[in-house]
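> Listed here are the chains, written in short residue letters.
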Amino acid sequence: MNLLTDIWRIVVLGVIAGGIYAPVSAGLVIVYRSSRLLNFAQGALCFTGGYAYYLCADKIGMPVGAAIPAALVIAGALGLLIYFLLVSPVVGRGPIIAIMVTIALSSVLEAAVFLIFGSGQQYVQNPFSSHGVRLPGNVVVTPLDLAIVIGSVVILTALAAVLRFTPFGVAVRAVSDSPLLAGYWGQNSTRVIAWTWALSSALSAVAGMAYAMNSVLDSGMLTLGTLVFPAVILGGMDSLGGAILGSLLLGLAVQSTTLYLGAQWSDFVIYGALMLLLLVRPYGFFGTREVVRL
Amino acid sequence: MSTTVKTPVADPPGSPGQRWRLPSSAEAAVSPVAIVVGCLVVLALAWFAFTPYYLYLTVLTAFACIGAAALNLQMGYTGLVSIGNAGFMAVGAFTAVWADHFGGLLAGVLAGGVAAGIVGLLVGAVAMRLRGFYLVLSTLALQFVVAFAGQEIEQALNKPAGFILPIPSAGPWQLGSDRSWLMFALILLAIELIVIHLIMRGRLGRAFLAIREHENAAGVVGVNVALHKMLSSGISAAMIGVGGAGLAYYIGNVDYSTYTLDLAVSYAAMVLIGGLGSKYGPLLGAALVTLLPALLSALDSGSSAGYFTQHASSIDLLVYGLLIIVIVIVEPGGLAVLLRRLTDPVGRQLARIVRGTGS
Chain P
1 MNLLTDIWRI
11 VVLGVIAGGI
21 YAPVSAGLVI
31 VYRSSRLLNF
41 AQGALCFTGG
51 YAYYLCADKI
61 GMPVGAAIPA
71 ALVIAGALGL
81 LIYFLLVSPV
91 VGRGPIIAIM
101 VTIALSSVLE
111 AAVFLIFGSG
121 QQYVQNPFSS
131 HGVRLPGNVV
141 VTPLDLAIVI
151 GSVVILTALA
161 AVLRFTPFGV
171 AVRAVSDSPL
181 LAGYWGQNST
191 RVIAWTWALS
201 SALSAVAGMA
211 YAMNSVLDSG
221 MLTLGTLVFP
231 AVILGGMDSL
241 GGAILGSLLL
251 GLAVQSTTLY
261 LGAQWSDFVI
271 YGALMLLLLV
281 RPYGFFGTRE
291 VVRL
Chain B
1 MSTTVKTPVA
11 DPPGSPGQRW
21 RLPSSAEAAV
31 SPVAIVVGCL
41 VVLALAWFAF
51 TPYYLYLTVL
61 TAFACIGAAA
71 LNLQMGYTGL
81 VSIGNAGFMA
91 VGAFTAVWAD
101 HFGGLLAGVL
111 AGGVAAGIVG
121 LLVGAVAMRL
131 RGFYLVLSTL
141 ALQFVVAFAG
151 QEIEQALNKP
161 AGFILPIPSA
171 GPWQLGSDRS
181 WLMFALILLA
191 IELIVIHLIM
201 RGRLGRAFLA
211 IREHENAAGV
221 VGVNVALHKM
231 LSSGISAAMI
241 GVGGAGLAYY
251 IGNVDYSTYT
261 LDLAVSYAAM
271 VLIGGLGSKY
281 GPLLGAALVT
291 LLPALLSALD
301 SGSSAGYFTQ
311 HASSIDLLVY
321 GLLIIVIVIV
331 EPGGLAVLLR
341 RLTDPVGRQL
351 ARIVRGTGS
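Protein chains in written order, with the working numbering: chain P, 1 to 294; chain B, 1 to 359.
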């Protein structure tokens with residue numbers, strides 16, 4: 001193996017991994033922008049999204065084309081529920097409260113899923129053939145991998161377009177800037193923020209489904225939420241483009257450490273990088289600095 | 001005597017802007033008399049009334065109290081959010097394994113505290129410029145870095161199941177029975193609470209409270225914010241390290257897989273459930289979170305259905321999560337405030353009776 005094939009391999013696998021991380025990061029960023037809250041339950045939302053798909057596709061037996069939208073709708077409804085029941089009572093009460101509420105939410109979701117579906121691993125219906133194509137350099141890419149990358153690109157482009165060009169997107173950006181001012185201009189801030197939660201939950205469900213089809217539905221998915229924190233910090237917590245770029249870099253970092261040092265090193269490398277990043281450039285490369293006034 | 005925090009006091013004529021009234025530091029920390037009396041009561045109960053199982057739970061609770069009270073210094077009094085407890089406990093425990101060769105239990109516990117304190121200062125140095133969510137992320141990173149280091153150490157020294165700590169002796173005592181362990185843990189806890197009391201009564205404590213109330217304002221009135229954030233993190237970490245080392249001796253085994261993110265989160269939950277920055281709250285929270293699984297299984301033993309026993313861990317998790325959510329939404333002051341609300345009417349009645357008979 002020479003360096004060139006190594007790099008090729010890392011890029012291919014890193015982009016595929018990034019395709020799973022990117023929707024999760026995007027979900028974190030949208031919610032951070034609208035609610036000023038870092039959601040520690042994002043991994044649990046991926047997890048429940050994956051189980052929503054399992055419920056529709058495998059338990060009820062819907063065809064995949066119907067099961068995926070149904071799972072997204074369930075996830076979106078869950079996001080709305082979470083916003084109204086949990087988040088809106090604690091918004092603006094400081095980071096400690098916000099963090100602990102979302103961590104507790106994560107526990108509740110995990111426990112609820114295990115109580116309903118049992119705590120074992122579940123295999124979900126995978127509509128794509130598992131027969132891969134061998135690319136030069138001994139890298140095998142399956143149709144599912146391709147679907148993950150393409151799906152991720154399409155969804156995130158659509159998201160960016162919606163935020164940029166539609167009235168809803170303008171409302172989201174206005175509320176993110178200042179809920180008060182947006183309210184004066186006739187926006188219903190609560191409704192807009194609630195929709196960002198639905199959107200964020202659905203985005204996580206996309207990642208959850210991809211993860212479940214790719215390997216298996218289990219509690220390992222819960223760490224997906226904390227795993228993308230470094231990516232989100234790298235990009236800057238309130239920058240969508242930054243988060244997507246960060247996710248790609250995260251995928252590349254995970255794959256290169258796995259290749260060169262072994263998989264057990266990846267946590268160390270990623271979170272060590274997070275520590276350095278916080279030391280040197282806490283607001284990331286595209287984020288806005290927090291300004292605190294006396 | 002009011003315990004309000006953050007009350008804007010009316011301006012004296014001629015002075016611009018608002019003044020913030022700091023809570024009196026003496027109100028914040030548990031007084032030494034209360035500490036000693038409390039420890040003696042627990043000891044007496046343990047000696048005469050508890051079954052071995054209750055005794056075991058009490059020892060665990062005492063160690064949890066050490067960690068929670070230390071975290072309260074950082075989170076409750078200085079306002080620095082942290083989910084780094086498990087990391088600091090791991091540093092303390094692994095250092096104790098090494099230091100045990102030099103002087104047994106006391107050396108191990110002290111060295112554990114010193115090592116964790118140094119790591120705490122370092123984390124504090126990273127966190128100097130950070131606040132809120134960014135601060136939490138730095139302690140989250142610590143958690144993963146420490147877990148990895150522990151794993152690598154175990155691998156390098158060829159101890160895949162972790163290290164065994166010998167049954168220790170402190171001077172003439174052999175710490176074999178749970179009673180002696182409870183005594184040891186309570187002595188550590190009492191020393192810790194007295195140190196916290198002294199800190200909060202002095203200049204250091206006032207600086208911490210000032211930082212909690214408003215970082216920039218604290219800087220303006222002459223508090224060295226960066227230094228005090230580091231100190232708060234370091235002192236708190238040292239205490240957590242002592243507790244972690246002690247607990248490791250009690251369990252007798254040190255393995256990196258014990259020190260999970262969930263453990264770290266449970267300490268933050270103790271402080272929050274008990275009451276952030278309250279005197280007794282973290283101790284109450286530590287007791288509740290530690291005893292929750294035992295309480296639930298005790299409730300369950302009445303029912304014959306196997307459902308609960310089968311899903312015990314999920315149900316624990318569910319109740320624990322719901323508990324945090326309900327407390328945070330219903331009573332942000334935590335158990336401390338809930339309890340005061342319950343006991344205040346009783347106290348007022350008592351006061352009235354006493355006054356009535358006195359006059």
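No lab work stands behind these hints, which were simulated from the structure alone. Treat the hints with caution; some may be incorrect.
Said to hold, decoys possible - Distance condition first, Cα-Cα at most 25 Å in a straight line; then the derived SDA-like pairs of lysine to any residue:
#1 P:Lys59 x P:Gln125
#2 P:Lys59 x B:Ile315
#3 B:Lys159 x P:Thr258
#4 P:Lys59 x B:Lys159
#5 B:Lys159 x P:Ala263
Claimed, not checked - Examples of chain P residues toward chain B, derived with CB under 10 Å:
#6 Met62
#7 Leu80
#8 Leu81
#9 Phe84
#10 Leu85
#11 Ser106
#12 Ala111
#13 Gln122
#14 Tyr123
#15 Phe168
#16 Ser178
To be verified - Restraint ranges, calculated between C-beta atoms of paired labels, are given here:
#17 P:Leu259 x B:Val330: 30 to 38 Å
#18 B:Ser297 x P:Lys59: 38 to 46 Å
#19 B:Tyr56 x P:Lys59: 36 to 44 Å
Where is the CB? At the ideal position from N, CA and C, for every residue including glycine.
> Is the shortest C-beta separation between P:Phe168 and chain B less than 10 Å?
Since chain B brings no Cβ nearer than about 26 Å to P:Phe168, farther than 10 Å, the hint is violated.
> P:Ser106 was flagged as interface toward chain B. Is the shortest Cβ-Cβ separation under 10 Å?
holds, 8 Å
> Tell me if the interface restraint on P:Leu80 is satisfied: Cβ within less than 10 Å of some Cβ in chain B.
Constraint on P:Leu80 not satisfied, violated at 17 Å.
> Hint says 38 to 46 Å; check whether the CB-CB distance for B:Ser297 and P:Lys59 agrees.
Given range 38 to 46 Å: violated, Cβ gap about 31 Å.
> Verify the proposed pairing of P:Lys59 with B:Lys159, using a straight-line Cα cut of 25 Å.
violated, 44 Å
> So, as I understand it, the hint says P:Tyr123 touches chain B; can you test that by seeing if any CB pair is closer than 10 Å?
violated, 21 Å
> The hint names P:Leu81 as touching chain B; please verify it with the least Cβ-Cβ distance against 10 Å.
violated, 13 Å
> When you take the CB atoms of B:Tyr56 and P:Lys59, is the distance between them in 36 to 44 Å?
holds, 42 Å
> When the nearest CB of chain B is found for P:Ala111, is that gap smaller than 10 Å?
With Cβ-Cβ at 4 Å, under 10 Å, it holds.
> Take the C-alpha atoms of B:Lys159 and P:Ala263, compute the straight-line distance between them, and say whether it is at most 25 Å.
holds, 20 Å
> Closer than 10 Å between Cβ atoms is the bar; does P:Leu85 clear it against chain B? Give me holds or violated.
holds, 9 Å
> Between P:Leu259 and B:Val330, does the C-beta distance stay in 30 to 38 Å?
Between P:Leu259 and B:Val330, where Cβ atoms are some 50 Å apart, the hint is violated.
Checked against the numbered hints above, the structure violates hints 4, 6, 7, 8, 9, 13, 14, 15, 16, 17, 18; every other hint is satisfied.
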